[in-house]
Amino acid sequence: MSDGNSVLLSVRGLLKRYGETVAVDRIDFDLFQGEVLTLLGHSGCGKSTTLRMAAGLEEPDGGEIQLRGKIVAAPERGIFVPAERRNVGLVFQSYAVWPHMTVGENVAYPLQVRRLGRTEIERRVKEICDVVGLGQLVSRSAIALSGGQQQRVALARALVYEPDVLLLDEPFSNLDAKLREEMRFQLHELQVRLGTTILYVTHDQIEALSLSHRVAVMRDGIIEQVGVPLDIYENPSSYFVQDFVGRTIVFDGEVIARNGESATVRLVQAPSTILETTTSEPLSARVKVAVRPEDITVADGHVASVSAVEATILDLAYGGDHYDCMVAAAGAEVALRLAKTLPVEPGATLSLHLDPGKIKVWPS
Amino acid sequence: MAELGVADIGPRGWLGGRHKSSRLVWGLILLAAAATVTLGPILVVIDGSFDDEGAWRSIIYESGHAHSALGYSVLFAARAPFAALTGFFIAWLLIRVPIPGRGFIEFMFWIAFFLPLIPVTLGWMLILDDHNGLLNIWLKDWFALEQSIFEVNSIAGIFWVHMTASSVPVMIILLGPAIRQMDGTLEDAGRICGSGALQVFRRITLPLLVPALLTGTILGFIRGLEAFEVEQLLGAPAQIYVYSTHVYALVNWEPPRLGEAMALSTVVLFALLVLALIYQRYTAAHSYATITGSGLSLRQFSIGRWRWVLSAVFFLVIAVIVFVPMAFLVLGTSMTLFGFFDLDEPFTWEYWRIVVGDTNFVPAIINTLILGLGAAAIGVFVYAGLAYAIQRTRVAMRPATDFLVWLPWCVPGILLGVGLLTLVLFTPLLTPFYGSIGLLIFAITVAQLPLGVSIMKNSISQIGIELEHASQVCGAARLQTFRRIVLPLMKPILISVFVLVAIAGIRDVSTVLLLAQPSSLPLSVLMLEYANNGDVEMAACVGVVTAAMVVIVAIVARRFGLQIGQAR
Numbered sequence: 001m002s003d004g005n006s007v008l009l010s011v012r013g014l015l016k017r018y019g020e021t022v023a024v025d026r027i028d029f030d031l032f033q034g035e036v037l038t039l040l041g042h043s044g045c046g047k048s049t050t051l052r053m054a055a056g057l058e059e060p061d062g063g064e065i066q067l068r069g070k071i072v073a074a075p076e077r078g079i080f081v082p083a084e085r086r087n088v089g090l091v092f093q094s095y096a097v098w099p100h101m102t103v104g105e106n107v108a109y110p111l112q113v114r115r116l117g118r119t120e121i122e123r124r125v126k127e128i129c130d131v132v133g134l135g136q137l138v139s140r141s142a143i144a145l146s147g148g149q150q151q152r153v154a155l156a157r158a159l160v161y162e163p164d165v166l167l168l169d170e171p172f173s174n175l176d177a178k179l180r181e182e183m184r185f186q187l188h189e190l191q192v193r194l195g196t197t198i199l200y201v202t203h204d205q206i207e208a209l210s211l212s213h214r215v216a217v218m219r220d221g222i223i224e225q226v227g228v229p230l231d232i233y234e235n236p237s238s239y240f241v242q243d244f245v246g247r248t249i250v251f252d253g254e255v256i257a258r259n260g261e262s263a264t265v266r267l268v269q270a271p272s273t274i275l276e277t278t279t280s281e282p283l284s285a286r287v288k289v290a291v292r293p294e295d296i297t298v299a300d301g302h303v304a305s306v307s308a309v310e311a312t313i314l315d316l317a318y319g320g321d322h323y324d325c326m327v328a329a330a331g332a333e334v335a336l337r338l339a340k341t342l343p344v345e346p347g348a349t350l351s352l353h354l355d356p357g358k359i360k361v362w363p364s
Numbered sequence: 001m002a003e004l005g006v007a008d009i010g011p012r013g014w015l016g017g018r019h020k021s022s023r024l025v026w027g028l029i030l031l032a033a034a035a036t037v038t039l040g041p042i043l044v045v046i047d048g049s050f051d052d053e054g055a056w057r058s059i060i061y062e063s064g065h066a067h068s069a070l071g072y073s074v075l076f077a078a079r080a081p082f083a084a085l086t087g088f089f090i091a092w093l094l095i096r097v098p099i100p101g102r103g104f105i106e107f108m109f110w111i112a113f114f115l116p117l118i119p120v121t122l123g124w125m126l127i128l129d130d131h132n133g134l135l136n137i138w139l140k141d142w143f144a145l146e147q148s149i150f151e152v153n154s155i156a157g158i159f160w161v162h163m164t165a166s167s168v169p170v171m172i173i174l175l176g177p178a179i180r181q182m183d184g185t186l187e188d189a190g191r192i193c194g195s196g197a198l199q200v201f202r203r204i205t206l207p208l209l210v211p212a213l214l215t216g217t218i219l220g221f222i223r224g225l226e227a228f229e230v231e232q233l234l235g236a237p238a239q240i241y242v243y244s245t246h247v248y249a250l251v252n253w254e255p256p257r258l259g260e261a262m263a264l265s266t267v268v269l270f271a272l273l274v275l276a277l278i279y280q281r282y283t284a285a286h287s288y289a290t291i292t293g294s295g296l297s298l299r300q301f302s303i304g305r306w307r308w309v310l311s312a313v314f315f316l317v318i319a320v321i322v323f324v325p326m327a328f329l330v331l332g333t334s335m336t337l338f339g340f341f342d343l344d345e346p347f348t349w350e351y352w353r354i355v356v357g358d359t360n361f362v363p364a365i366i367n368t369l370i371l372g373l374g375a376a377a378i379g380v381f382v383y384a385g386l387a388y389a390i391q392r393t394r395v396a397m398r399p400a401t402d403f404l405v406w407l408p409w410c411v412p413g414i415l416l417g418v419g420l421l422t423l424v425l426f427t428p429l430l431t432p433f434y435g436s437i438g439l440l441i442f443a444i445t446v447a448q449l450p451l452g453v454s455i456m457k458n459s460i461s462q463i464g465i466e467l468e469h470a471s472q473v474c475g476a477a478r479l480q481t482f483r484r485i486v487l488p489l490m491k492p493i494l495i496s497v498f499v500l501v502a503i504a505g506i507r508d509v510s511t512v513l514l515l516a517q518p519s520s521l522p523l524s525v526l527m528l529e530y531a532n533n534g535d536v537e538m539a540a541c542v543g544v545v546t547a548a549m550v551v552i553v554a555i556v557a558r559r560f561g562l563q564i565g566q567a568r
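Chains as they are written, first to last, in the working numbering: chain C, 1 to 364; chain F, 1 to 568.
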């Protein structure tokens, strides 16, 4: 988040229905000047619909959207400003580069629509094409471009008129893994350089965590949690968020003792494993004990502490600098990455030490 | 970036299309326009049939002519299944077997379809006429026969000309895309499962394409019920009348029997409407066979040297259905007495001299050009706009507008002509249009409305909606997006539709027949008038000119890269 903290895009009680289904269920969020906010969620969680309503391509059924302090959508009051009058930029998942125009014509279009002078248009098109790395391709026909180049055209076209907010709808999902990573870094660099305010929609948690100032995790039309990436990952507010963002290993547990916020939880399938943790779940409640793989210390042989659980190796795959390993532990099958220093073979016994300070307990 | 001109919130533009009341207003305007144009002429006809008290009684109880006309119409229309099957097999062979010259062969079937029916029919009359038909004369000479073998003025003659000149070629054109778009992997899967080529054809290909075949059959039946030119030229002299020629006779009666014409038209209209609704239902429910593949995966069937035999057969077919009638037509314009090569001066330019000297001829050429190009130019933009409004905007009452736009599809040309004629004659405000070429352009534009709009809708549906949304987000309003993104992307289809409408305007007889006055006479009607007066040679001269115009348009269109054959 940059200076000033002025709100550029403000969403309040935003509602969208498609027939009986509620796609977006009265959500609120703010997007600050210079900020990158990511809406993260599975497909169908309402994130793209939210973005399209922010763009003005979709009319909300309730709530209010403000852009730069001006109401652009408020269905209850009959206000709706269409996309072409919002001055937002949008990069589509499919890029939507116009095939009947050259790269330069694609990028110049928004400026022509705004009736800028020819020299001004030329200058700005050249400038932005250089910025996104399209300098050589300005007169190339848009059909003759690779996916990555089309991506850049779409980005240049969305940036050239310096929109108030740049909306990105899964912009990298059609690129191959390597290019995606490259584009991610370039977008990050671009954002830092231009200070663009971005609302980003993706289902890819790595993109979300690495690009955003804040992440909003969405599920079934509501926002489960908003926070900085570190918070989302380290302090998820619900089991859904923990499970969706990053990898999570889950055991069945039971609360066997309580004292204020702290509680003692025993694994149901491995009664000798007892964890001192914090939860508000009542005594005797069945719970989910969730732990990140990196918070598990794997050791050779049988367990030596109460916070460890015994595991048997089911299957192994050689992964170069490590082993990918499937183990059975406390009634669950767990995928782990093991160091090559451990003596591993199918059937061998391991001890998984769970860091009691890092585990999370969720209602079952 | 406020200086870039994002408007503050204020009253939204009419064309924004998002405001609820603006959607309603635009929807009503479109609906009213469509209703006036397509429903108007029909209602005039239905209403008119009740004005004349005796009309219904006459066609129900008294007129054996009306009954026999309906009977013959159905009889002739029943060629549709045969045409569809024949067309299907020819199309399948042309697409799936690497026959040498198949591109040319397919193009010639397009030409066969585009050629105006009157010149082709005249050509066949010169060959197969009972008395003067050249083939009949030759056969009688060679085999010393007493009687002619062929009689073109007969049920069989009408069948023959229709099958070769329109029904089969149109089926090849219609069914081609369905065969092309079939997903080849469906057949490959059959082969993998252990079926031979024939079994795959019988158990997979054919069942998959049955919907297309049936659709083609219903369509052929509907078009068959509306047919006019061939029946007029060949049937009328032999007292064989169908619906459209009977209506033509009734209108030309002294005094005109408009009431009966309208009553008979009402009957046919409702029959066609029912058929057309069945067609629409059926196509909507059975589109699965054509929605999948790209056609690239279609496997070709190698048949070795037999492909040359097949090629020869097709070239022979083309020769018989296109070149022979055309050659005889040209010959017919230049012989003193057709078929008599042993006269002192067998060849003459006399008929051409008379035709060119006819004060109607040059104006008729101009009228035809204005009619074809005018209807095409107006049609392209009207159809594109309507298709876009129906397909992509959210204006009110689109389904009703869609239905009205489709309605002329089941209105026979002669009926539309009767309706428009009545409308113009009895509406004081419209009377100035009587006898103007504008009225003919209007009629053709309306008649081609369903085809044009459906092709455009299809084309628009293939333009990714995001291409438009991108434009909107960039700040362009609806109209600007339509003009700068949608229309340019539709360019190939716009050209296709332009060509189709232009050719329809040049070819059409039945729609414009009753509307044309001496001042607005096009070549097609001039040709029919010559033929009706027995001046076959002069009609043939005009026929050559008309056919040449159509062929030139088709060839130019192909030169411009137009993919004739992929239009639907």
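By construction, these hints were calculated from the structure, which means they are not laboratory data. Fair warning: there could be bad hints in the mix.
Claimed, not checked - In silico BS3-like cross-links for lysine-lysine, where the CA-CA straight-line distance does not exceed 30 Å:
1) Lys126/C with Lys491/F
2) Lys358/C with Lys340/C
3) Lys178/C with Lys126/C
4) Lys178/C with Lys340/C
5) Lys20/F with Lys70/C
6) Lys457/F with Lys140/F
Notebook entry, point to check: Quick one, are Lys20/F and Lys70/C close enough, alpha carbons at most 30 Å?
Noted result: holds, 21 Å
Checklist line | Pair hint outcome, Lys178/C versus Lys126/C [Cα-Cα no greater than 30 Å] | finding: Holds, at roughly 27 Å.
Note to self: Holds or violated: Lys178/C and Lys340/C, Cα atoms, limit 30 Å.
What the structure shows: Judged against 30 Å, a Cα distance of about 27 Å means the pair holds.
Note to self: Check the hint pairing Lys457/F with Lys140/F against an upper bound of 30 Å on the C-alpha distance.
What the structure shows: violated, 55 Å
Check: Holds or violated: Lys126/C with Lys491/F, Cα cutoff 30 Å?
Finding: holds, 29 Å
Next item on the list: For the pair we were handed, Lys358/C and Lys340/C, check the Cα-Cα distance against 30 Å.
Entry: Holds, at roughly 25 Å.
Checked against the numbered hints listed earlier, the structure breaks hint 6 alone; every other hint is satisfied.
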